[in-house]
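Order-wise, the sequence lines are chains X and S.
The numbers in our numbering rise by one with no breaks, and the one at position 332 of the first sequence is 332.
The numbers in our numbering rise by one with no breaks, and the one at position 4 of the second sequence is 4.
It cannot be assumed that every hint is accurate.
Unchecked claim - Cut-off 20 Å, straight-line C-alpha distance, at most; resulting in silico cross-link-like pairs (EDC-like, lysine to aspartate or glutamate): (1) Lys80/S / Asp204/X; (2) Lys70/S / Asp204/X; (3) Lys118/S / Glu19/X.
These aren't lab readings, by the way, just hints derived from the structure by calculation.
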Amino acid sequence: MRLLLLLLSFISFNGACNELKFDGFATLSMTLTDSENAGIRQHITQPHATYKDEIGFSTSSLGFQLEWQATPELQFVGQVLLKDHEEQNIDNALQMAFVRYSPSANWQIRLGRTGLDLFMMTEHRDIGYTYTFDHPPTEFYAIVPHQNIDGADIKYTFSQEHGLLSAKFFAGRSTAPIVSDDNFFWDVEIKSLYGVVLQWESLDWTLRVNHTITKAGNENEQQLQLQAALAQVPDEVWPTKASLLDSLHIIGKRFDYTAIGARYDNNQWFFQSEMSYIDSNSQVLNDLTAGYIGVGSYYGDHTIMATFAQAKSNNRTPARPLVSTPQLDLLYNTLIRHTNFYLIDQSTFSLTLRSELSESLAIKVQLDHTNTESLPSAFYLHQGLTGSNLDTDFNTLGISLNWVF
Amino acid sequence: MKTQLTIILIKLLLLISLRAEASAEQEIVIVVNKNNPIEKVTHRQLIDMYMGKYLAFPNGHMAITLDYRKEHPLRSVFFKALTGRSISQINAYWSRVKFSGKASPPQAYPSTEAIIDKVITTPSAIAYLPASAVTDELKVVYRFVQ
């Protein structure tokens, strides 16, 4: 990665100007909500959220991309993305830095840090101008923190009579943060990441299927402390201790992602839908099923869209110890905050209006109505959870200006 | 004062509509270097090439697509004729492809003359031009039906 950075910086000073391309994108986003307990954010990586009677700007972003065409077959691409992060550093900001080699129209090989081709919009989820939604559906996109991969991919495209069929294989590793309540921060490392994407596309249609397998590479300090405390409890007092200890031991656990997606756009109306299944041999995330469907129509420079998104996990709250003491109760409550982190059961209905203000500037307004059966939720940050009546139905208004330049 | 403003507004609207009409009536052709062995391309192959999906001529040789800079009026007419989509939709599509790191947009040039010069000197280039600008050193491989 350092070598690639050096190479890109060298290119930026020595490349011929007509072969260098410099582009950028920006999203200025405003969030309003009537949610009292769930702090609205668009992604599990975001350290700031918006509550009732607040105005949030933390989902805004700014990015730049540099491309250099070294030869007709060889390109260098670098992209920097600035957004709300718990830790602002070069590694977090560097979204892409790779070499792209295309020896023929059929083959493409990329080496370096590339976008993670997990779902349809994962690679460009922070670039609001590129899609109609004000933000990618929370139920589907908020849960996976990883957005890029350090490794390589190879893609073969086959031209058929009515469209293009492509197969892509990627391998590498990835690191991304998860932020939650009470200063929980975990820079999640995924090692042994392998994925395959099959896609068929014509002008109007895109159909794709993805299967990605990963293994967790590190653990959080709080999880380690919890394991140490739990290990002290006698088996007779907490019969399920062994399985709980195993579920807290994340390193080497398998997390597999399977997704199918379809998009149709005939220039008058469109729909886009994806379904995903996340499977793991860790009790922290047994499995999660999520999906969404969005249907929209174009009216000149305006686009109207309705979206329904849903996510549900099958996680179960662990059994309590057989004995109740203040220490054991505290340990249990701390434990279920970890094991219930992915306890998700919610849906959102959204209405979106996108208007083109110019050929490179769009304004989007989106109203979300969310119903959740489970709070706290991994999707949000929280406040006031000690009350008896949690606010599980809430509305969110998002307004954003989206620009590419 | 009010009458003058109305006249200026009507003139402005007439000017805009005449310009749009002129652009719409302009016949656009697809050209390649005259030494390129291909004789024609299909509409779908053009879409694949200009949308960055599959950069190859029908004989399988790699193609270098040339485009105009964003502000050039021919660009929106061409993409409308090619895909039926507005230039805003095309820009959103290319932003998606480009910022995902999947492909790069065609190299952009400021004028028809610059495009012609590049096609003449690049055997694998393909470009679009007003039909009236075609010279003997170019080969027309596709015409958009009016």
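Right, here's what the structure says about each hint:
Under the criterion of a C-alpha separation no larger than 20 Å, the hint pairing Lys80/S with Asp204/X is consistent with the structure, at around 14 Å. The suggested pairing of Lys70/S with Asp204/X is violated, with an alpha-carbon distance near 24 Å, which exceeds 20 Å. Between Lys118/S and Glu19/X the alpha-carbon distance is near 14 Å, which keeps this suggested pair within the 20 Å criterion.
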